[in-house]
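Undergrad: The residues making up each chain are set out below.
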Amino acid sequence: MPVLEPIVELARGLWTTLRSMAEKPVTVQYPEQKRPVKPRFRGRHVLKRYDNGLEKCIGCALCAAACPADAIFVEASENTDEERYSPGDRYASTYEINMLRCIYCGFCEDACPTEAIVLGDNYELSFTDRREAIYPKEMLLEPVPAGGAPTPQKTEPGKFTRSVPEMKDPAD
Amino acid sequence: MTKTVTLTIDDQQVTVPEGTLIVNAAKMVGIDIPVFCYHPKMEPVGMCRQCLVEVGRPAIDRATGQPVLEDGKPKIQFGPKLETACTTPVSEGMVVLTHSEKARAAQKEILEFLLTSHPLDCPVCDKGGECPLQNLTLAYGPAESRFLYSEKHHAEKHVPLGDKIWLDRERCIQCGRCIRFQEIIAGDPVLSFYQRGRDTDIITHSDPPFDSIFSGNTTDICPVGALTTADFRFGARPWEMKAAASICSLCPVGCNLTFNTRREAKAGGKVVIKRAMPRQNEQVNEIWICDRGRFNWHYVEDPSRLTHPLVKKDGKLEKASWSAAIEAAGNQVKGNQVLVVASGRLSNEDLFNLKQLADGLGGEALLYDSLPGGELTTRYGVSAGTNLGDLGAGSAILVAAADLYHEAPIWYLRVKAAAERGANLVIVNPEATRLDKYAKKLVRCGKDEAAAKVRELAAELTAAENLVVFFGRTADRNLAEDCAALLQGREGRANNGLIGVWPRANDQGAWELGYKPVDPSTGSGQALAQAVKGKVVYLAAADPAGDDPQLAEALKGAKAVIVQELFPTKTASLADVVFPAQAFTERDGSYTSGERRVQRFYPATPPLGESRADFAIAAAVAAAAGLEVEGRSALLVMDKLAAAVPAFVGISYRKLAEVTEQWPIVGRGDLYYGGTTYENRQGLGVQLNVSTFKRSNVVRGRAL
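If you're matching them up, the sequences are chains A and B in order. Residue numbers for the first sequence, in our numbering: 72 to 243. Residue numbers for the second sequence, in our numbering: 150 to 853.
Do not rely on the hints blindly, as some may be mistaken.
Below, simulated EDC-like cross-link-like pairs (lysine to aspartate or glutamate); rule was C-alpha separation at most 16 Å, straight line [as the list claims (entries may be wrong)]:
1. B:K719 - B:D692
2. A:K105 - A:D192
3. B:K461 - B:D451
4. B:K415 - A:E167
5. B:K415 - A:D192
6. A:K230 - B:E305
7. B:K306 - A:E149
8. B:K306 - B:E250
9. B:K306 - A:D152
One-sided and incomplete, this derived list gives chain B residues near chain A with beta-carbon spacing under 10 Å [claimed, not checked]:
10. K306
11. V308
12. Y343
Quick caveat, the hints were computed from the structure, so don't treat them as lab data. Backbone N, C-alpha and C define an ideal beta-carbon position, used for all residues, glycine too.
Taking the hints into account, I'd like the entire structure generated from these sequences.
TA: Here is the structure:
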């Protein structure tokens with residue numbers, strides 16, 4: 072029946088509207104409410120610390136070498152037991168990531184021999200100026216964990232001699 | 150003509166001189182055999198066993214002494230065991246398999262063994278990225294280790310081996326390259342092995358520790374990160390740095406360098422030099438440099454350097470614009486008697502323009518140097534085709550009044566090697582030097598007797614086929630003349646000539662351009678003090694006031710003093726106009742080495758502040774005084790120079806940048822073989838011919 076056809080179509084469309092009115096909304100009230108990110112999400116980088124507060128980063132610059140966007144700049148200096156930032160001889164005295172250049176590919180994470188750099192779940196990056204997009208080490212480092220001390224630390228001589236933590240399982 | 154041998158390496162036919170080692174023969178045709186302990190500059194020892202290959206030789210019939218034939222071809226008999234390619238010389242008809250299953254398996258196993266004791270801390274190792282062990286492991290090594298991690302060898306990680314070199318005992322693979330370098334090449338046997346087996350260590354037994362001016366070279370040839378320099382420690386990763394070719398400016402040898410530069414946060418975001426590395430030039434420095442050249446370039450980044458022109462106003466030097474300073478200098482030199490005093494720290498181009506300025510104004514150009522005999526080296530100096538590396542049996546070398554080890558270390562190295570090849574080395578010196586132990590004849594005498602002693606030796610020395618004479622710091626005029634007299638009749642012959650061990654890099658260039666010594670008879674400061682009276686003195690890269698308080702007093706009697714300098718020296722503080730000059734690392738130019746080789750250097754870092762190149766400053770002042778002097782670029786100045794000075798005929802920047810094949814092959818792809826020395830792609834330089842023209846007048850005669 073050609074006369075009824077448009078009415079059926081109209082009712083069908085309206086049914087979709089009516090049905091969704093009764094459904095729970097998918098939107099969240101960002102920024103008051105935030106949706107959890109997926110486990111493999113790659114957000115802003117965090118430089119991790121060991122439990123004692125020492126920085127995991129040893130300034131090897133392999134992240135900078137792996138970075139396809141040339142967003143990372145690392146400059147290393149030498150640790151002493153008087154002023155220790157990380158285990159071993161070497162630490163990053165300058166660590167900068169240009170968040171405008173970064174493509175969040177996570178190659179830096181893969182390259183890191185100490186699992187110091189991790190792409191976290193922070194996706195809320197904003198800056199009003201290009202220079203602000205360069206995140207220095209202080210912004211990237213995670214807070215000192217409970218029980219740990221901030222860096223630089225004065226440490227016992229001969230205790231932190233190795234930069235790369237010894238692997239538990241050589242096959243790891 | 151040396152006998153040649155033809156062999157087959159991996160199905161490639163190679164013809165090489167008899168006695169060549171398999172590893173070198175393979176390298177010549179581009180086949181890599183991995184090595185750690187072998188180095189092409191040293192005798193093989195076969196310690197690391199990394200170069201194991203399958204070697205087959207034609208079977209010989211004992212009865213007839215003829216090769217056994219099989220299907221018309223010689224039958225090849227392979228040994229039951231693998232052989233080390235670095236110790237086995239080639240033989241006729243030899244067949245070498247470097248990549249056969251058996252050879253690859255052995256190479257892989259050796260690497261697995263080496264890695265059982267290696268800490269694998271490549272991320273924090275200064276060698277990481279240019280490490281033969283890393284590269285060869287990736288190319289030949291196993292992907293996994295079968296050894297238990299807990300059994301890994303642990304040792305001291307930073308041992309200061311002297312104040313310049315650090316040793317990491319864990320990383321050392323006991324190849325002994327450093328020990329052999331010190332013993333065989335440097336002649337300073339200050340390193341050795343200590344303990345045995347897994348506990349084998351490198352130790353130094355000199356006091357002060359690692360007492361050698363060549364110590365930095367051990368870090369270049371160390372195939373792992375066991376030896377690293379304190380100067381560069383954690384400075385940057387090798388792949389982050391750019392390379393700029395340069396020439397060492399600290400002595401007249403003219404070693405070829407490569408400066409590695411990087412933009413640095415510590416330096417406020419500026420591009421800075423991180424390290425100096427040797428650059429191969431087999432005719433000059435081979436693949437070595439001394440520690441002075443490697444570490445003493447830091448003065449160019451000194452914070453006290455001049456960045457702005459200064460002009461004296463009311464008795465005080467004040468910052469001024471370039472145009473004001475040049476105008477002030479131009480007014481001073483115009484119409485006055487001008488005396489240019491330049492030092493051999495300047496490049497050929499700078500010295501040429503300063504001489505143009507002096508000649509144009511009817512003044513005089515002096516070289517600030519006390520050593521006599523400069524003009525003798527322009528007549529009797531070594532000429533094109535000379536290579537100290539060619540001297541050996543049948544040659545004679547006289548070293549008079551010079552301590553090559555301290556004054557020109559690489560010449561010490563090369564003269565020592567020549568003496569070991571059989572050259573007749575004669576030393577005439579008032580004091581003991583490190584070269585003495587290689588001398589065939591040693592004459593210890595005072596300064597006054599030296600000339601007479603050289604005359605006595607003349608018959609013996611001139612009998613030699615080739616004769617090279619070095620004269621140095623404590624030589625007087627008589628000695629210089631007697632040294633030159635030995636070389637009469639040998640002018641222009643390769644591998645013959647007079648070499649002045651000058652205190653500065655480009656003194657030879659100044660002599661070639663016709664600069665006059667301050668006082669030809671004594672070289673003392675008094676003559677200079679007399680000369681400056683009532684004149685406008687134009688000083689470049691020279692600090693007479695700082696060197697001698699008498700000269701400071703004398704400079705006050707000058708009509709005016711104009712200075713172009715890197716630093717606010719004492720002389721600069723007395724000046725009416727001070728121009729900030731660029732360091733040799735910030736500009737291009739060329740030096741003439743003591744062996745009369747003109748070599749080009751290139752800019753490594755941007756210039757500091759408002760500083761300008763010396764030749765450009767001289768040209769600008771000349772322009773302000775109404776003269777026409779080229780100052781737009783070093784290249785154009787060199788073109789003018791080559792046209793004006795007969796000795797430099799045919800030299801251009803393009804010519805100076807030419808390179809030819811050099812042996813041994815070094816460079817990025819061949820780190821494991823020759824070390825981290827840079828390959829020379831930027832020019833070997835050109836050695837000057839001896840010219841019979843009287844130069845000083847020629848320069849003056851040209852209207853440029």
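Undergrad: So, for every hint listed, does it hold in this structure?
TA: Consistency of the hints with the structure:
1. B:K719 - B:D692: Roughly 7 Å separates the two Cα atoms, so the pair holds.
2. A:K105 - A:D192: 11 Å, holds
3. B:K461 - B:D451: 24 Å, violated
4. B:K415 - A:E167: The hint holds at about 13 Å.
5. B:K415 - A:D192: Status violated; Cα separation ~31 Å.
6. A:K230 - B:E305: 13 Å, holds
7. B:K306 - A:E149: Given pair K306 (chain B), E149 (chain A) holds - Cα atoms ~14 Å apart, limit 16 Å.
8. B:K306 - B:E250: 37 Å, violated
9. B:K306 - A:D152: Distance of about 15 Å is within 16 Å: holds.
10. K306: 6 Å, holds
11. V308: 13 Å, violated
12. Y343: 22 Å, violated
In this structure, the hints that do not hold are numbers 3, 5, 8, 11, 12, in rising order.
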